[in-house]
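Engineer: Residue numbers (the numbering used here), protein chains in the order written: chain E, 1 to 517; chain D, 1001 to 1190.
Mixed in with the good hints, there may be bad ones.
As the list claims (entries may be wrong) - In the DSBU-like style, the derived pairs of lysine-lysine whose C-alpha atoms are separated by at most 35 Å in a straight line are: (1) Lys-301(E) with Lys-1097(D); (2) Lys-471(E) with Lys-47(E); (3) Lys-1097(D) with Lys-356(E).
By construction, these hints were calculated from the structure, which means they are not laboratory data.
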Amino acid sequence: MNKRIMMGNEAVARGTYEAGCHVAAGYPGTPSTEILEALSRNAPDVKSQWSPNEKVALEVAFGSALAGARALATMKHVGVNVAADPLFTFSYTGVNGGLVIISADDPGQWSSQNEQDNRNYARHAKVPMLEPSSPDEARRFVKQAFQLSEDYDRPVLVKVPTRIAHSRAIVAEEEVCTRELKRFQRDPQKYVMIPIHGRQRHIVIEEKQTELANVSDHTALNRVEWGDTKQGIVTDSVAYQYVKEVAPEASVLKLGMVWPLPRETIQDFAAGVDGLIVVEELDPFIENEIRAMGIPVAHGKDVIPNCGELTPDIVAQALNKPRAENHIPACPETLPPRPPRLCKGCPHAPIFTALKELDLNVIGDIGCYTLAALAPYNAMHTQACMGASVGMHFGMEKASPQMAENSVAVIGDSTFVHSGITPLIDIVYNQGTGTVIILDNRTTAMTGHQEHPATGVTLSGEATHALDIPKICEATGVQRVFTVDPFEEEDLKGLIQTEVETREPSIIVVNRPCLLK
Amino acid sequence: MTNIIMAGVGGQGVLLACRVLMEAAFYSNYDVKESEIHGMAQRGGSVEAHVRFGSDVASPLIPNAAADFIVSFELCEAVRKLDYLGKHGVLFVNNEKVIPSSVQAGLAEYPEALDTWLDNNVPNVHLLDTLQARKDIGSKRCLNILMLGALSNRLDIPEENWLSAIRELVKPKYVDTNIDAFNYGRSCTA
Ligand SMILES: Cc1ncc(C[n+]2csc(CCOP(=O)(O)OP(=O)(O)O)c2C)c(N)n1
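Looking at chain D on its own, in the form it has when it is part of the complex (with noise of 0.2 Å):
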């Protein structure tokens, strides 16, 4: 059974990333589940889906400190899971920060340094610079592909199917900048 989280903030596409992992998973035979709460995604909240895939599933929920991967599009929301990390889990995580309202309205700090606090604290940690590859891909809207190539080196999950996933289920005229991201989300982890 292979346990993955996956963390962000609402329009970051984090449910997309799920559905895509899920296709190629599918396609890969395996049993695959998912959980999501998306009451407000759309409303800039903290976003959290559990996606578990083996031979067999029950739970939709991924128990405490059994995630296999932790996928965060974002520093904080990486912090925010990390008790769901396992033993040998390994965490893939954007290094940006995005401003919550709490911060923006000065009721609470965004706290400096998060991304060192984690390269010393999680012992199987990428910290992905992905401003820059967003960047030279030339689209900012891409980032949710991009953090799953970076997870699908360690999946056992052929690259096709990958590729025929994101065809399935990206918009046509998207299509070919995803496969560059993802192509360059691997490029990182390789």
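So that you can see chain E by itself, here it is in the shape it has in the complex (with noise of 0.2 Å):
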């Protein structure tokens, strides 16, 4: 067997090489985004694809499982937000090939605007959820995961948390399987979710959980590792890690499937122990739900913290273990802080500087140019998840018609083909008059430069039709769209302060690639 050193996404995307997947889609999010270029530049026989959206990504994953393809979807974990819609249905209808979507969690929310716990997402959706401890474990959940989803006709979440996802570890390589097509066949009780149907799934999905309950009791994937019996640590993904690290004589039921629980695993690993204690990242998801098992946990949130990652030190402290003590002395120096900030000649910059001198209140979106909210800038006012600065900036028209003349909304190329265009014909639809401004610098920058609809060319690298973003606007009804350069255009602030005072809808698209491209 081969070995090598990856990048935990790298390992997710040779675990999904090896199970002989057909077809993955995905949409950039931090850290999930090298799983598809990992897949795309190893694995030229899977067909992996980028989407405008993880909806779509989904959607596009779930229609290529029905085909009987094995097929995979990847998403940060508040892609899977985006995503939920058709997530929680595909529950009920099941798949055909097999279905992995790979949700990347980020505690600690080292690139994210928050830290949002998706294992919640398993339970609430009644999903199967395996939870990986290492890159190499990764690899190989990943193709159990496929597996368990074809043998249970159920979609499967895999987390992979940022210090999985972007930790670097041995992975072994093992044999590729090609697998054939399984037929679709028609199936509209299965497949067509009227209520008449739907209700008939849901008795067989909350079946498939009780079997599925069964499974993760008698899986590999949870195991206990006996130790010390006085105190029994249940944990999962990478805090398992940090339990070994500060305390490798201790009892540990490691859980590798967190959704559905194993409950007799549970009930006798807390049999064998004095007293259980778990260790879990934010929520206290395992310790509510041993807790509702009627099985008594001595400590869990009390002692470890529902913000932020977990670190070694914390989980040491937790199980009052000693810890080393810093002897270096503080610095009596202040240090200066190092945010990121805008790249020197960012096409981006030219816009926030007229912004601020207009002194507008700015709608904004995510991507490279929130930076903007920061120093030196000071020019972004809102900013909350993708696609929202259009709606909420005809929310703020709608409530106070004077905030269409003092506010724009300023959304990147790859937010706005994501989700701006809907809003934007909200804006149309129901006559709203403000200003979007939209930059347009050709690339997924914030995520490291990944191609989108608009750019002409795919994941691998293929030219394709590019869509035209200013004629889509003018598609939706807006009668002003204006495209500039922003090093060219000699009167930016004029512009901008025209198109807010114009009792009419108006786009800006502000056209330069960017730099580092």
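With the hints as a guide, bring the two chains together.
Structural biologist: Take a look at the structure:
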């Protein structure tokens, strides 16, 4: 067996390839992005693609699975929010070929707008979830997830947090399987979720949950490592590694399948130790489930924080383990912060200089340009989730019409395609008058320069049709659509001021490729 | 187990240095793990990575005060990481300031004489003057491998494994310059 050093995300891609996956779709987002990049580079027989957003990616993967393929969908944790609608009903229909969804979570919020715990999605959507604790496990678990998906006719979630996705370790390479497509068989009672069918499917999936709970009790994905029985530690994901680091002598129940949870295994483990302590990142997911089973938990979120990522030190403190002391005196100097910033010569910069001088409310969105919220620009005043700027800007105008005249929405090209078009339709439909600035740097810069539908290039580097952003804006019904080059346009401020004051919706497309691309 | 914190600023090549270090450790039959934060590495933010190798590595993160080595490509970033340095730990630091945007914008100051403070307060410190070195080698872009060269004398990794790792991971046309840089770094701490 060949072994190599791989990043966790490359290991996920390797597992996908080894599983004989046929189709993979996703939308970029840290820390998930490298999975599809690695697949496209290293597994040319897998049809990999960037989709315009996560909902579409999941629907494409689901369609492939129904057509009998093994299919993968990749996204960051908040991407699952976008894909939640199809996820919850694909749970009802089940799959045909295996369907695996990677949720790349970001405890610690290293590059995200929140740190939601996506284990909750597994319970909520009634979909099994596997949680590897290292890159090599990620490779193996993805293969098992495909098998589980086909064996039980369920989509399967695999959660990889930043500390696995962006961690490198030694990963084995096993044989790559090739698989025949299964046949698509028409089965409206299974695949057409009108209420009369959905009610029946709900019963079926509750039965599947019971079956899968039994699987959880017998699979090697969940295992007990017996040691000192004074305390039994229940843990999952990368937290398992921190436990092994600081308490190698402890009895540990390592959960690789966190939904459904293995009730009997937990009961037996609890019976073999004096007390349970649950070590998990973010929410008390496992802890609350164990308590709901009527099994006492001595410690959980009373000693383990529910905000931020865990570290070996936090776990050591919770387990009352000795920790090394600092021995270098604190530096008396105040160190200057080093936040990321817009690059020198960034084409986003002139717009924010102009917006700052105009002193407008800037209803912002997510991308490199969000850095303009920081000094020296301080020229962005809201930012929530992808695509929100356009609808929020309109909502402000609805509440207070003069806000259309002292505010603009600012959104990147990739974000506009992701989820900025529908709210623009709303502005036109409901007779808004706001101005939307689209920063078209012809790439998804923030996540490392991925292609998207308006760049005219696919994930694998092939030329394709480029979505015409000004034209699609016109098609929504906006009459005033301007395209400017931020380095050539002499009166950016004047243009913005006029458009903000005009009582008609307008679009300013700021067109200049990213410097780094 | 050997624990190494690598620190610097986006664009300095910290993550490539990590990969070369890991590869060299891997060729030397160690288990090896690394964790890095590179969300905004290209945008001039701080970059931090943890590299650990030994017979069996569990956590990808190094505990507080447990680093055997800190290799910092920048002065202020070195000071930020000192909590990680273990009792007998050694700090290798490039004696160079990269001015953060907060200082450029006049919102913060870059302290004077951090090098003197490090020299006086860190028992085992190597302050490396790499600017001249990089001029001599004739490339500005080999700081990362030069820093690895300085570190390499203290690690139980044979020289040929370092060289193989550089050949494996550095773009072919830069291999020779980087091997010069590696040797230069090595000579600084020999
Ligand atoms: C639902 C969701 N998916 C993905 C992301 C990650 N993400 C943040 S901004 C962004 C796109 C940035 O591209 P663009 O709008 O073109 O702006 P640029 O960075 O190029 O300036 C992505 C993919 C996210 N935050 N939320």
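Engineer: Taking each numbered hint in turn, which are not upheld by the structure, reported in ascending numerical order?
Structural biologist: 1
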